[in-house]
Amino acid sequence: MTTPLLETRGVWQRFGGLIANSDVSISVGRGEIVGLIGPNGAGKSTLFNLIAGVLPPTQGSIIFDGEDVTALPAAERCQRGVGRTFQVVKSFETMTVIDNVIVGALVRSTVMRDARRKAHEVLEFCGLGPRANVLASDLVPSEKRRLEVARALATEPKLLLLDEVLTGLTPVEAKTGVELVRKVRDTGVTVLMVEHVMEIVMPLVDRAIVLDLGKVLVEGKPADVVRDPKVITAYLGDRHAVGA
Amino acid sequence: MDTAFAERRRRDLIVAFVLAAIAATVPLFVKDSYLQNMMVLTLMWGALSQSWNILSGYCGQISLGHALYFGLGAYTTALLFTKFGVLPWFGMLGGGVISALIAMALGYPCFRLRGHYFVIATIVIAEIGLLLFHNWDWAGAAMGIEIPVRGDSWLKFQFPRSKLPYFYFALALACVAWFVTWWLEDSKWGYWWRAVKDNPEAAESLGVVVFNSKMGAAAVSAFLVAVGGSFYAQFVSYIDPESVMGFQFSLLMALPAVLGGIGTLWGPMLGAVILIPLTELTRSYVGGSGKGIDLIVYGGLIIAISLARPQGLIGLFSVKSLAGLLSPRRKEAVR
Numbered sequence: 053m054t055t056p057l058l059e060t061r062g063v064w065q066r067f068g069g070l071i072a073n074s075d076v077s078i079s080v081g082r083g084e085i086v087g088l089i090g091p092n093g094a095g096k097s098t099l100f101n102l103i104a105g106v107l108p109p110t111q112g113s114i115i116f117d118g119e120d121v122t123a124l125p126a127a128e129r130c131q132r133g134v135g136r137t138f139q140v141v142k143s144f145e146t147m148t149v150i151d152n153v154i155v156g157a158l159v160r161s162t163v164m165r166d167a168r169r170k171a172h173e174v175l176e177f178c179g180l181g182p183r184a185n186v187l188a189s190d191l192v193p194s195e196k197r198r199l200e201v202a203r204a205l206a207t208e209p210k211l212l213l214l215d216e217v218l219t220g221l222t223p224v225e226a227k228t229g230v231e232l233v234r235k236v237r238d239t240g241v242t243v244l245m246v247e248h249v250m251e252i253v254m255p256l257v258d259r260a261i262v263l264d265l266g267k268v269l270v271e272g273k274p275a276d277v278v279r280d281p282k283v284i285t286a287y288l289g290d291r292h293a294v295g296a
Numbered sequence: 004m005d006t007a008f009a010e011r012r013r014r015d016l017i018v019a020f021v022l023a024a025i026a027a028t029v030p031l032f033v034k035d036s037y038l039q040n041m042m043v044l045t046l047m048w049g050a051l052s053q054s055w056n057i058l059s060g061y062c063g064q065i066s067l068g069h070a071l072y073f074g075l076g077a078y079t080t081a082l083l084f085t086k087f088g089v090l091p092w093f094g095m096l097g098g099g100v101i102s103a104l105i106a107m108a109l110g111y112p113c114f115r116l117r118g119h120y121f122v123i124a125t126i127v128i129a130e131i132g133l134l135l136f137h138n139w140d141w142a143g144a145a146m147g148i149e150i151p152v153r154g155d156s157w158l159k160f161q162f163p164r165s166k167l168p169y170f171y172f173a174l175a176l177a178c179v180a181w182f183v184t185w186w187l188e189d190s191k192w193g194y195w196w197r198a199v200k201d202n203p204e205a206a207e208s209l210g211v212v213v214f215n216s217k218m219g220a221a222a223v224s225a226f227l228v229a230v231g232g233s234f235y236a237q238f239v240s241y242i243d244p245e246s247v248m249g250f251q252f253s254l255l256m257a258l259p260a261v262l263g264g265i266g267t268l269w270g271p272m273l274g275a276v277i278l279i280p281l282t283e284l285t286r287s288y289v290g291g292s293g294k295g296i297d298l299i300v301y302g303g304l305i306i307a308i309s310l311a312r313p314q315g316l317i318g319l320f321s322v323k324s325l326a327g328l329l330s331p332r333r334k335e336a337v338r
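Here the protein sequences come in this chain order: A and B. Each number in my numbering corresponds to the 1-based position in the first sequence with 52 added. Each number in my numbering corresponds to the 1-based position in the second sequence with 3 added.
Relax, there's no trap hidden among the hints.
DSS-like, lysine-lysine: derived pairs with alpha carbons at most 27 angstroms apart:
| id | chain 1 | residue 1 | chain 2 | residue 2 |
| --- | --- | --- | --- | --- |
| 1 | A | K142 | B | K191 |
| 2 | B | K191 | A | K210 |
| 3 | B | K191 | A | K196 |
| 4 | A | K227 | A | K142 |
Far from chain A by the CB rule (all over 10 angstroms, computed), these chain B residues:
| id | residue |
| --- | --- |
| 5 | N40 |
| 6 | I105 |
| 7 | H137 |
| 8 | R164 |
Since the hints were derived computationally from the structure, they do not count as laboratory data. None of the values given here were measured: they were computed from a predicted structure. Glycine included, C-beta positions come from ideal geometry on N, C-alpha and C.
Generate the whole structure from the sequences, applying the supplied hints.
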């Protein structure tokens, strides 16, 4: 069996007295779409930030592509092939859409002509081609989400971390979003996505990891996960679990 | 696919070339020494503001301490010449390199600060520089340094009898500062800087090493400003701490860019062309005793601009009638 693309080994994150992640060990295989789900405050975003390198874990290690990247800052992880989006979109507001994407493309080629061509390709891929010369601040929310994905894809990631890109979209927008994620995976990119809304992610992901209170609660095929009493309890409370 | 973009870049270059060519002929018609002096200052402040704009406009790290680099350039040239007989041309390069190194040394701790804290740090550091030079006897302390003037010489870059050489050097400096900006704008650095300004966290996630980007911007910016300072020392041939490192110089570098359009290619020059003649004229018409009137004019302009056109005057060029001059991209950017 080939080594997983991403592995977290016994990762802890404490913020003062609060334990956001405790002993989290997960792995993501190459070419998978893995959903990271869980109720509010489960520690999904923290784990995400640890993987992306926004902050170092209090304890434990993060292995990416067979290499320990625990000590590497976010920029270097990006260079190694970790791309990410932000839950609260962080577009470069005073820059045009194409320029936003060029920033990402420059990681792979600092020749402007190449970076620009790459950026245009990615925009087409994400369906933002016609909006290339619009200021990022003028995009509507669903387009901004797509720009987040485009920007990350321009860095040619091996692993794409999607932080609630499908949340808060209209059903139609969510559907095109789902298609985009599938398309991304078909190009050979592994996807780890945090989602809140189970109905959207479950049909999309190959595997789901449920976090609750900072720990891995359940892990498995989406269909099994949704029926797991522990998951139902975590989401809905004890009474429902008993009733089920 | 991107012919429009390439065309805009080329058009910017052509417009700059034509404007520079026109500017170069102006002294042939304007012989008045007062007006020539004003043009030299306008070009110099344009160049300085253009350089300031690299760090503060593009990279978004607002510095109100650039007088330090201006002063360092002026002092390096003056000291090397008066103490060791080193020609100002080498002094200019030396001052630039020293300033760039100091900018990076200062940036090392300061770029960990954000927003207002960074601005305050730049002000304080420039003040410390001012105090050091005030008390540094070897460098003339508060008395300053007089550069001995022997007569017109390109070698020693001094021209007591004519403003023209200074004018052409200032024009060249403005062109260089503009061209460097133009060139960097469509490079890795230009994109990194704007990304850092807009959202450092997102930039980092896209592989931008935020800290290095700021250091690069600081070094380029400080180098060019120091060259301007060297020029100024030769131009006025007498410097003291207040006259090259005072806080007002930091402000004067920022204002044209803010007025014209911060973080834009044309903003600083446009701002300087409006602001410098205006203040020079106010100064001469309201009288020398009215020291401060020019600053009141500044203040008034800045207030008017920030209320009516926070993007700077360059935004006025977005109107359709001037569309030919500007790209779709810029029109979007200033809307």
